[in-house]
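For reference, each letter of the sequence shown is one residue, going 419 to 853 in my numbering.
Heads up, some of the hints might be wrong.
To be verified - With a Cα cut of at most 30 Å, we get these calculated DSS-like pairs of lysine-lysine: (1) 710 <-> 828; (2) 564 <-> 500; (3) 697 <-> 803; (4) 625 <-> 803; (5) 710 <-> 731; (6) 828 <-> 766; (7) 587 <-> 437; (8) 587 <-> 803; (9) 588 <-> 603; (10) 603 <-> 803; (11) 803 <-> 763; (12) 437 <-> 615; (13) 710 <-> 697; (14) 587 <-> 564; (15) 500 <-> 559; (16) 437 <-> 479; (17) 603 <-> 615; (18) 803 <-> 731; (19) 803 <-> 615; (20) 479 <-> 625; (21) 625 <-> 437; (22) 615 <-> 708; (23) 603 <-> 625; (24) 615 <-> 564.
Derived from the structure by calculation, the hints contain no laboratory data.
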Amino acid sequence: MDVGLLRHQLEFMQRDADKRLALVTGVGCGKTMVAAMWLLQQANDGQHSIVSAQNYSALHKVVFAELQRQARRFGMQYDYNKQEKVMTFENGAVIYGASSEAYDSVLGLTNISNYLADEAAYSCEQLRNNCEERCRGVDLKGRVIKARYRYTTTPSILPTSLWFREMVKKHPEMVIHATTYDNHKLDPSYVQDQIEKYGGPNSPFVKQQIYGEFLDGFANNIAVDVNQFATSRPDHRADDPVWIGMDVAAGGRDSSVYCVIDEYGLVEWVEEFHAETQKLVATMLDLNRKYKVEGVLVDTTGGFGVATVDYTKRTMGTDGVNFAGASDDDNIFNVRTQMYVDLGKQAKESHFYLPDAGDSLRCRNQLSYTTYIINNRGQTQLVPKADIAKIVGGSPDHADALVLANRARKLAGASVRKSSDVRAIAARMLAAHGY
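Full structure from sequences and hints, please.
Here it is in structure tokens:
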């Protein structure tokens with residue numbers, strides 16, 4: 419980490435006379451390290467704090483992992499309760515963890531002196547309100563403590579960021595910015611990889627993720643409206659054709675997801691954990707024996723699904739697609755964006771079934787955070803997968819598998835039942851139950 423950048427950011431956070439301060443930066447600037455060091459300083463002074471993150475996974479794997487790393491570095495003795503997300507120190511000071519997944523969990527806490535929101539733009543406003551309301555009381559020495567609120571984040575255009583954007587817009591004096599380039603210790607190849615990851619040097623998301631800038635024109639455009647999915651369907655019959663979408667686990671992920679659909683919508687989810695190619699292929703062949711498979715589409719971005727395609731292409735007609743590939747519509751940024759736009763139209767125009775339970779509920783949640791902007795080329799462009807992963811606690815694998823299955827159906831020239839076919843759908847559902 420660049421020592422100069424770290425010192426500059428930490429000194430800013432230590433301005434105790436300021437009630438609210440925000441550190442808004444590009445990726446790789448050490449925000450979480452600065453947050454951990456500031457929180458540990460308050461604990462060393464005998465003050466209780468709350469630290470929040472957008473979900474419990476980030477809270478444990480990122481925030482408290484960094485707190486423990488820095489505590490060991492400074493020789494601070496502590497006890498960490500992983501289940502409760504609470505860190506207690508020798509002097510009695512406590513750092514409590516909070517998440518948008520359970521924002522009411524902090525309501526019983528008292529004598530809190532400080533609140534720090536890590537990745538604030540990805541956390542809900544109710545979490546922030548509840549945590550700030552806890553900041554009142556005295557420290558361990560009986561001194562009255564003035565509440566201090568600190569926020570660290572990379573900007574976001576997701577709906578969760580609206581409260582944060584409005585706050586810093588109203589109070590620009592509370593913000594310090596840093597870009598990824600300000601960390602001179604970063605390998606230039608890392609920065610270049612990030613630029614490519616977020617769509618190339620001309621992508622507006624590079625301004626957000628690398629330069630730490632808020633994009634003009636807050637986007638609250640959902641690519642797929644989950645409220646437009648049907649929540650019932652006729653029973654699937656053995657002779658009904660199906661299409662399969664497969665999102666293969668890539669670096670940093672531990673599961674591969676298969677989505678099976680027919681003309682009415684979802685039929686089945688299958689998820690394989692830590693599976694090698696041989697197991698992935700075996701599962702695909704099992705699905706082929708179980709259903710009348712008409713088409714399979716696999717995500718081959720980064721090369722992770724290529725072997726599965728090669729082994730099942732002859733048997734099942736499997737094909738691959740690179741999410742970053744060019745769309746056949748000049749107004750759409752890439753293939754992945756096009757697939758989500760197509761599914762959105764499908765949900766709106768047709769009787770497409772996706773229940774609101776089990777794995778489908780996970781899929782609905784992922785879709786609910788998949789928003790888009792119109793980029794500086796006038797193209798529709800999805801938010802980065804990394805932004806969605808920050809909120810839902812992992813890559814949107816189920817949503818990707820669903821759009822792949824839908825594209826496999828579309829490429830085969832098949833269609834799902836139109837909403838106007840409701841009588842035929844109802845008749846088949848009644849017949850399936852003996853009426």
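Against the structure, the hints come out as follows:
The hinted pair formed by residue 710 and residue 828 meets the criterion: a straight-line CA distance of about 16 Å does not exceed 30 Å. Between residue 564 and residue 500, the direct Cα distance comes to roughly 29 Å. Compliance with the 30 Å bound is thereby established for this hinted pair. Distance restraint check for residue 697 and residue 803: the Cα-Cα separation of roughly 26 Å lies within the 30 Å cut-off, and the hinted pair is therefore satisfied. Proposed proximity of residue 625 and residue 803 is supported: the alpha carbons are some 16 Å apart, at most 30 Å.
Taken as a hint, the residue 710 and residue 731 pair is honoured in the structure, with Cα atoms around 15 Å apart against an allowance of 30 Å. Taking the CA atoms of residue 828 and residue 766, the gap is near 16 Å; set against the 30 Å cutoff, the hint holds. Note on residue 587 and residue 437: the hinted pairing holds, with a Cα-Cα distance of about 16 Å set against a maximum of 30 Å. Taken as a hint, the residue 587 and residue 803 pair is honoured in the structure, with Cα atoms around 26 Å apart against an allowance of 30 Å.
The straight-line distance between the Cα atoms of residue 588 and residue 603 is roughly 33 Å, outside the 30 Å bound, and the hint therefore fails. For the hint pairing residue 603 with residue 803, the CA-to-CA distance comes to about 26 Å; that is within 30 Å, so the pair holds. Distance restraint check for residue 803 and residue 763: the Cα-Cα separation of roughly 21 Å lies within the 30 Å cut-off, and the hinted pair is therefore satisfied. Note on residue 437 and residue 615: the hinted pairing is violated, with a Cα-Cα distance of about 36 Å set against a maximum of 30 Å.
Straight-line distance between C-alpha atoms of residue 710 and residue 697 comes to about 21 Å, which keeps the hinted pair within the 30 Å bound. For the hint linking residue 587 to residue 564, the alpha-carbon distance of about 24 Å falls within 30 Å, and the restraint holds. The hinted pair formed by residue 500 and residue 559 meets the criterion: a straight-line CA distance of about 27 Å does not exceed 30 Å. Distance hint between residue 437 and residue 479 is fulfilled; the C-alpha atoms sit about 28 Å from each other, no more than 30 Å.
Proposed proximity of residue 603 and residue 615 is supported: the alpha carbons are some 20 Å apart, at most 30 Å. Proximity of residue 803 to residue 731 is assessed by CA-CA distance (about 28 Å); at most 30 Å being required, the pair is judged to hold. In summary, the hint linking residue 803 to residue 615 is supported, as the alpha carbons are separated by about 10 Å, within the 30 Å threshold. As the CA atoms of residue 479 and residue 625 are separated by approximately 27 Å, the hinted pair is consistent with the 30 Å bound.
Note on residue 625 and residue 437: the hinted pairing holds, with a Cα-Cα distance of about 28 Å set against a maximum of 30 Å. Only pairs whose Cα atoms come within 30 Å are accepted, and residue 615 paired with residue 708 is rejected, the gap being roughly 38 Å. Note on residue 603 and residue 625: the hinted pairing holds, with a Cα-Cα distance of about 20 Å set against a maximum of 30 Å. Proximity of residue 615 to residue 564 is assessed by CA-CA distance (about 42 Å); at most 30 Å being required, the pair is judged violated.
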